[in-house]
Amino acid sequence: MNCITANCVISGHAVRKNGKIVFENKNIDLPGFLLSAYHYFELNYSRFHKMDRLSKLGWLTAEILLKDGSGRENYEPTETGVVLTNANSSLDTDLKYFESAKYIPSPSLFVYTLPNIMIGEICIRNNFKGEDAFFIAEEFDAGFLEQYVNDLMDNGILQVCICGWVDVLGEEYKAALFLVEKKQEGSFDSFTKENIDKIFLAENG
Amino acid sequence: MPDVFIISDNIISPLGITTADNFSKLTRGISGVKKHDDQKMSEQPFHAALFDRKEDFINDSFIKEGSSGVYTKFEQLLIASIKEALKNSGIDTRNKKTTLIISSTKGNIDLLESHAADPALKKRIALHTSARMVAEYFGFVNPAIVVSTACISGITAILTGMRLIRSGRYENVVIAGADTISKFVLSGFQSFQAISAGPCRPFDQARDGINLGEGAGTLVLSSSQKYATGKYAQGIKVLGGSISNDANHLSAPSRTGMELCSSITRALRDSGLSTNNIDFISAHGTATIYNDEMEAKAITLAGLQSVPVNSLKGYYGHTLGAAGLIESIVSVHSLKENLVLPTLGFEEMGVSKPLNICTGLVSASLKNCLKTASGFGGCNAALVLAKQ
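Chains A and B are the protein sequences, given in the same order. Numbering-wise, the numbering used here puts 79 at position 79 of the first sequence, and it's gapless, one number per residue. Numbering-wise, the numbering used here puts 1080 at position 80 of the second sequence, and it's gapless, one number per residue.
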């Protein structure tokens, strides 16, 4: 059955991996926090420094999600995919691009004015070549994610999927990613609306 | 698994506000792309397919209701297109088994050009705000699903609708896509040196970039058997499809075309068809050097190099989040009319793997069509449409 084999939630300047806080750094702005987490987890990826804040947050969450995880290299690239959702699309960077365009429009900013660019960054890093999709909703909708991703997994379209929510606007942000794989029943939490919501809302409990 | 019938559609573009009007203009070789000299949009003149006036896309009833002030141009396009598609479709938007999918890349981003970016405006720009307003206008009881996957958004939306119907979750899905062209979008593509100096020339030796276009498209899908035969029957189905990612570069397509090829191969498998079943291909064909070259490689790798191919960008420009819908709807009508449209702007083969590019209106017995698209973020999509 489809199970959550790992999860990572970044919000309130804390990183939670599988429910445990693994890094915190309060009293710093969002770019500073993201960079400090990048250094703490000893990541070494020059593309990171070129990304916008949304891609940095999504990419970082995916890195921590997959770190020390089950062997992703066991999958065919065409059977690995990414399904992400958020509320504010790429508006955080849209505002920056719009300001820049008053003088000299920057192609390196313009490319980040699409929310699925973050999916591209995660796919490039992990050589994920299967199905991807980006959906926009006012609030996180665990029921929709459960249905959409289970459909891809159950119809043999994907064997593994990184999915969840990554949203940034100004200093407001939250990321919650789930690694979904087919496993024996009982070995991991099943990928259900209830389990997804429990993880998404854990910081409040 | 239920069949997914196409029961109704609409295209609103500078060519017309009904699909019939659009298709008729396409068969006569009429293009919506014109030269525009508008200092507010661009210091240099540019070629694009734009609405000149609001009356070009708002139907009379909408103006009479007095609703046009509440909705932005983007939302008016969506509402006008959905309204036209729902007309005589027999679909009840208030049915619990009916839902709405919206496809767009930039939605209301043009509001940044006329309003201060305060929290209220940020909320107004959000695509979910537009989707909720449009859903409420038609009384949909289910929340709208919003897809935003760059230039493949329209096809992602159709595939999402197909899967929601196949899974039994919904019986009817209304899929609408739109994008408008503002300075935001135009300046971005100009910064990439991606805008053609004249009318675009897909797959041609002299191609030098895209024309942008505005428009909306709506496709109504259903699993209900009453659409298979009888007065509502249109005779066309969505047979299958697939999405892939290059995992290579954010703004440049794959060098090999392997990933779009994989998407095509999987779409055929999902449809239960083989390469010799495909009668024509409606390509993405943006007329950039790299997109068309990649597509030619992918189509050749998939074994479809002898199949007639067209690109509609010469008529509509690149309508971004509406492109997958508008071009799929044109393909539906090509199947119905047994007519493959020519690729406006193409003269001399300009890709390293020669394709069978349509250069004139071809009458043929058509059964199955492949629609492809690719976009920023390395995404690729393939969709198969078929006669019942």
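In case anyone wonders, no lab produced these hints; they're calculated from the structure. Keep in mind that this is a model prediction, so the values were computed, not measured. Take the hints with a grain of salt, since some may be wrong.
[Claimed, not checked] Chain A stretches covered by chain B per the calculated footprint, using a threshold of three residues with CB under 8 Å from any CB of chain B:
id : segment
1  : 8-21
2  : 90-96
[Stated by the list, open to error] Example chain B residues on the side facing chain A (calculated, C-beta under 10 Å, incomplete):
id : residue
3  : T1105
4  : L1250
5  : G1350
6  : S1352
7  : P1354
Beta carbons: idealized from backbone N, C-alpha and C, even for Gly.
Status of each hint after checking the structure:
1. For the segment 8-21 of chain A, the assignment as covered by chain B is violated, since 0 residues bring a beta-carbon within under 8 Å of that chain's beta-carbons and 3 are needed.
2. Here the segment 90-96 of chain A counts 3 residues with a CB under 8 Å from a CB of chain B, which clears the bar of 3, and the coverage holds.
3. Look at T1105 of chain B: its Cβ gets to within about 6 Å of chain A, closer than 10 Å, so that hint holds up.
4. Given the 10 Å rule on beta carbons, the hint for L1250 of chain B holds: about 5 Å separates it from the nearest Cβ of chain A.
5. Because the closest C-beta pair between G1350 of chain B and chain A is about 24 Å apart, greater than 10 Å, the hint is violated.
6. The beta carbon of S1352 of chain B is not positioned within 10 Å of any beta carbon in chain A (closest approach about 23 Å), and the interface hint is therefore violated.
7. Checking P1354 of chain B against chain A: minimum C-beta separation of about 27 Å lies over 10 Å; hint violated.
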